[in-house]
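> Keeping the supplied structure of chain A fixed, place chain B upon it in accordance with the hints.
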Amino acid sequence: MNNKLKPRRPLKEKHYWEEWTGRIYTSICVVFLIVVMFSIVYFVASKGLSTFFQNGISISEFLGGKTWNPTGEPAFYGALPFITGSFITTLLAALIASPLGLCAALFMTEIVPGKGKKILQPAIELLSGIPSVVYGFIGLSVIVPLLRSIFGGTGVGIAAGCLVLAVMILPTVTSIMADALSALPKGLRESSYALGATRWQTIYRVIIPTTLPALLTGVVLGMARAFGEALAVQMVIGNAPHVPTSLLESASTLTSVITLSMGNTTMGSVHNNALWSMALVLLVMTFVFVILVRLLERRNRV
Amino acid sequence: MKAKTVDKIATSVIVVLALFIVILLLGLLGFIMYRGIGHISWNFLTSAPQLLKGGGGIGPQLFNSVFLLVLTLIVTIPLGWGGGIYMAEYAKPGKITSFIRLVVEVLSSFPSIVIGLFGLLLLVNQFGLGFSLISGALALAIFNLPLMVRTTEQAFRAVPKEQKEAGLALGLSKWKIITSILLPVALPSLITGTILASGRIFGEAAALMFTAGMSSPPLDFTDWNPTSPRSPLNPFRPAETLAVHIWKVNSEGIGPDSKEVAAGASAVLVILVLAFNLSARWIGRVVFRRMTASK
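From first to last, the protein sequence lines stand for chains A and B. Just so you know, we're using this note's numbering here: the first sequence kicks off at 1 and counts up by one. Just so you know, we're using this note's numbering here: the second sequence kicks off at 1001 and counts up by one.
Bear in mind the hints are in silico, worked out from the structure with no lab data behind them. Just so you know, these numbers come straight off a predicted model, no measurement behind them. Just to be clear, a hint being listed does not mean it is correct.
To be verified - The calculated lysine to aspartate or glutamate pairs, modelled on EDC-like cross-linking and capped at a C-alpha distance of 20 Å, are:
no., chain 1, residue 1, chain 2, residue 2
1, A, K66, A, E297
2, B, K1248, B, E1260
3, B, K1164, A, E18
4, B, K1174, A, E18
5, B, K1004, A, E190
6, B, K1176, A, E18
7, B, K1164, A, E19
8, B, K1176, B, E1162
9, B, K1095, B, E1105
10, B, K1092, B, E1165
11, B, K1161, B, E1089
12, B, K1176, B, E1089
13, B, K1008, A, E110
14, A, K118, A, E190
15, A, K186, A, E110
16, B, K1174, A, E19
17, B, K1095, A, E297
18, B, K1092, A, E19
19, B, K1176, A, E190
20, B, K1092, B, E1105
21, B, K1004, A, E110
22, B, K1176, B, E1165
23, B, K1164, B, E1089
24, B, K1174, B, E1089
Just chain A, same shape as in the assembly (with noise of 0.2 Å):
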């Protein structure tokens, strides 16, 4: 009888090591993720800042300087264009993509609930779903040829750069901001309605007032992805080393000098490095809309 209450010691010694593998093994896994974050960080990191530190360009020089011929004699590295460049596709394709994302997410969840979404829903995955390289190539063969035209000139350029980033960043910046209006209390929509209020201005004075960082957190991981997109943008938008002057002008981004060049300089040079430079320039702005990100979502919290 009191041997049968005794525990049984080989049953608890295989619990302890089943308890430890899952422990160890899922652990390790976690590990290797941070290990691989930092190591991004530290290899990008060092190979851009020797750029500055090792080939003696000044930051101000490799940031403010507007000529890029780094195979020219004197060299210049000044990645001002490509800077200039990323950011005015990456704005103007989210004042693009922004306002089409909030009609679709208010079409979604406040005009017409259920149906709305049975519609778009699938359209949005699917519009999600399609690689960016294609994008490039829609670009190449319909936006290029409509800009030429209607404007003239070559069609590449920053207006077709956008226009293909916008559509690249619509399902994004839609399905964020749809989670965001649906998430919203159904108290409030419905007491804006009982005051007499018309759907408009329930969207205009309540909805988007208290929805505002969640919304804003969908633009902003819209230019995330912009800014960090290369080929697509590479394709359409020219790559002319130099600060644009009009929308229609051919121009670059840094991805898109990244993903030209690097195949073509040799590992080590200045050129190179100047290269890796702009990829930390990217890694940086990374964290930029990470924090971002994190602050409107501290106030969404609120």
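Structure of chain B alone, referenced to chain A:
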């Protein structure tokens, strides 16, 4: 203006713009299919590309994409599911957990080109893997892991609490509960998430240009010995995928039919990605039915 009129105008603007998005999507898909589908043939899908002459296909690229996807999943599934399980079951709320969350968030926001460059630096040069399928697969794994961790965590958190409590009541260890109670319940959403991620991997190009390379050596599809250099199964050979091929043909294609090749290849890529998305839902439903008693 009366409030009602404003309301009507605003509503119609919203509806028109929402419909515009649907039309845009239909237009995009229609355009890709219209331009590309005529060019798809058995010969196009299986033959090797031609650089200067017309009539080249996408056979090796298609094979490379599929093979690379398989290699990536072999790396990502154990790591991604493991990380997700940690976040859902082991992580306690606190500074360390929120730090891990930040890492996952940052990792998933890195532009794919930066991950490609990191792969070039560490995998291709430092580890001496060269432009190879294995470098490409590892870079894609980095690209894919944060997404995988997040979907896995969500899948495990969605399991009803009673299931776990029942396991605890039986005196099972935590790991036993995870593997034999929670995992089967979470499996349908895990599979759906994995297939959706696969669609993303399949279309990714920027991270692959600097890791898997932009060329394919001539392959001998009768040689299935993974160590021989011409074998398609050799993981240490450079491999151009379908998405990279589309980029290359579009931006530096010089063949007479490069436009048609780009259109055909884009159509194939989009069809495959759509197939991934649809099958994700379908397989998820089927597995859910198998795993639970529901109809």
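> Against each hint, give a clear statement of whether it holds in the structure.
Going through the hints against the structure:
Our distance criterion of 20 Å between C-alpha atoms is broken by K66(A) and E297(A), whose separation comes to about 37 Å. For the given pair, K1248(B) sits about 13 Å from E1260(B) by alpha-carbon distance, which is consistent with the 20 Å threshold. Between the alpha carbons of K1164(B) and E18(A) the distance comes to roughly 16 Å, so the proposed pair stays at or under 20 Å and holds. Taking the CA atoms of K1174(B) and E18(A), the gap is near 8 Å; set against the 20 Å cutoff, the hint holds.
Between K1004(B) and E190(A), the direct Cα distance comes to roughly 18 Å. Compliance with the 20 Å bound is thereby established for this hinted pair. Proposed proximity of K1176(B) and E18(A) is supported: the alpha carbons are some 7 Å apart, at most 20 Å. The hinted pair formed by K1164(B) and E19(A) meets the criterion: a straight-line CA distance of about 15 Å does not exceed 20 Å. Between K1176(B) and E1162(B) the CA atoms are separated by roughly 16 Å; this keeps the pair inside 20 Å, and the hint holds.
Taking the CA atoms of K1095(B) and E1105(B), the gap is about 15 Å. The hint holds against a cut of 20 Å. This hinted pair checks out: K1092(B) and E1165(B) have alpha carbons roughly 18 Å apart, not beyond 20 Å. Our distance criterion of 20 Å between C-alpha atoms is met by K1161(B) and E1089(B), whose separation comes to about 12 Å. Under the criterion of a C-alpha separation no larger than 20 Å, the hint pairing K1176(B) with E1089(B) is consistent with the structure, at around 12 Å.
Between K1008(B) and E110(A) the CA atoms are separated by roughly 14 Å; this keeps the pair inside 20 Å, and the hint holds. The suggested pairing of K118(A) with E190(A) is violated, with an alpha-carbon distance near 23 Å, which exceeds 20 Å. The hinted pair formed by K186(A) and E110(A) meets the criterion: a straight-line CA distance of about 11 Å does not exceed 20 Å. The straight-line distance between the Cα atoms of K1174(B) and E19(A) is roughly 6 Å, inside the 20 Å bound, and the hint therefore holds.
At roughly 18 Å between alpha-carbon atoms, K1095(B) and E297(A) fall within 20 Å of each other, so this suggested pair holds. Under the criterion of a C-alpha separation no larger than 20 Å, the hint pairing K1092(B) with E19(A) is consistent with the structure, at around 16 Å. Our distance criterion of 20 Å between C-alpha atoms is broken by K1176(B) and E190(A), whose separation comes to about 47 Å. In summary, the hint linking K1092(B) to E1105(B) is supported, as the alpha carbons are separated by about 18 Å, within the 20 Å threshold.
The straight-line distance between the Cα atoms of K1004(B) and E110(A) is roughly 16 Å, inside the 20 Å bound, and the hint therefore holds. Proximity of K1176(B) to E1165(B) is assessed by CA-CA distance (about 13 Å); at most 20 Å being required, the pair is judged to hold. Under the criterion of a C-alpha separation no larger than 20 Å, the hint pairing K1164(B) with E1089(B) is consistent with the structure, at around 10 Å. The straight-line distance between the Cα atoms of K1174(B) and E1089(B) is roughly 9 Å, inside the 20 Å bound, and the hint therefore holds.
Taken one by one, the earlier hints fail for this structure at numbers 1, 14 and 19, listed in ascending order.
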